[in-house]
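> Listed here are the chains, written in short residue letters.
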Amino acid sequence: ETAVFQTPNYHVTQVGNEVSFNCKQTLGHDTMYWYKQDSKKLLKIMFSYNNKQLIVNETVPRRFSPQSSDKAHLNLRIKSVEPEDSAVYLCASSSPGQSSYEQYFGPGTRLTVL
Amino acid sequence: TQTVSQSDAHVTVFEGDSVELRCNYSYGGSIYLSWYIQHHGRGLQFLLKYYSGNPVVQGVNGFEAEFSKSDSSFHLRKASVHWSDSAVYFCAASIRTQVVGQLTFGSGTRLQVYA
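Chains as they are written, first to last, in the numbering used here: chain S, 48 to 161; chain H, 2 to 116.
It cannot be assumed that every hint is accurate.
[To be verified] Derived DMTMM-like pairs: lysine to aspartate or glutamate, alpha-carbon spacing no greater than 25 Å straight-line:
| id | chain 1 | residue 1 | chain 2 | residue 2 |
| --- | --- | --- | --- | --- |
| 1 | S | Lys87 | H | Glu21 |
| 2 | H | Lys70 | S | Glu149 |
| 3 | S | Lys88 | H | Asp9 |
| 4 | S | Lys91 | H | Asp86 |
| 5 | H | Lys50 | S | Asp77 |
| 6 | S | Lys87 | H | Asp9 |
| 7 | S | Lys87 | H | Asp86 |
| 8 | S | Lys83 | H | Asp86 |
| 9 | S | Lys88 | H | Glu65 |
| 10 | S | Lys88 | H | Glu21 |
| 11 | H | Lys50 | S | Glu149 |
| 12 | S | Lys88 | H | Asp86 |
| 13 | H | Lys70 | H | Glu16 |
| 14 | S | Lys91 | H | Asp9 |
| 15 | S | Lys83 | H | Asp9 |
| 16 | S | Lys87 | S | Glu105 |
In case anyone wonders, no lab produced these hints; they're calculated from the structure.
Given these sequences and hints, build the entire structure.
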């Protein structure tokens, strides 16, 4: 049963364009995350965010930015995409404390940069 | 920082076989460990986690994992696999003192179960 929703499923764009991906969770969680999964299936945390703290992975380029309107939504904006941004972007959410290590994932958004 | 390594990129078994997927971590402090499964074209699904107590933890669908501090391992096991267990399995670790649960994932093990 899906409780973390991501749109779009796929997106194809050209170098230099701006893109935005949406994520919504209906679990009542207060922490949300964005991960990048490359073509070799390697997963890396990009951002984690709750109402108190935004943690940014230091390796994430500045053209990436998270945007949150409330605790159920955490969107991802890429200002000017590069070919290396082609990947699957996974959104996740969790409860606070010890439960934050049990995360619920959306199906992902596959980005292809031409 | 902690690292997670999964030494087997691919594991192939037949339905009904037992399987063990290996995970080793490196970190000197207290750590949370977990396993996730990713079926083709889908997001990750939580299987189980360990943070203290009984080193053998039970998860969904008959999976279990055993924590070993001496070996720095958290291997995943299943006594009798089904073809639907074919997926990529990720081991993940997180430092307990972190404010929010940022996970560090291993490179994944692709399990192929033949009927």
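> Could you tell me which of the hints above the structure violates, numbers in ascending order?
The structure conflicts with hint 13 only, although it agrees with all the remaining ones.
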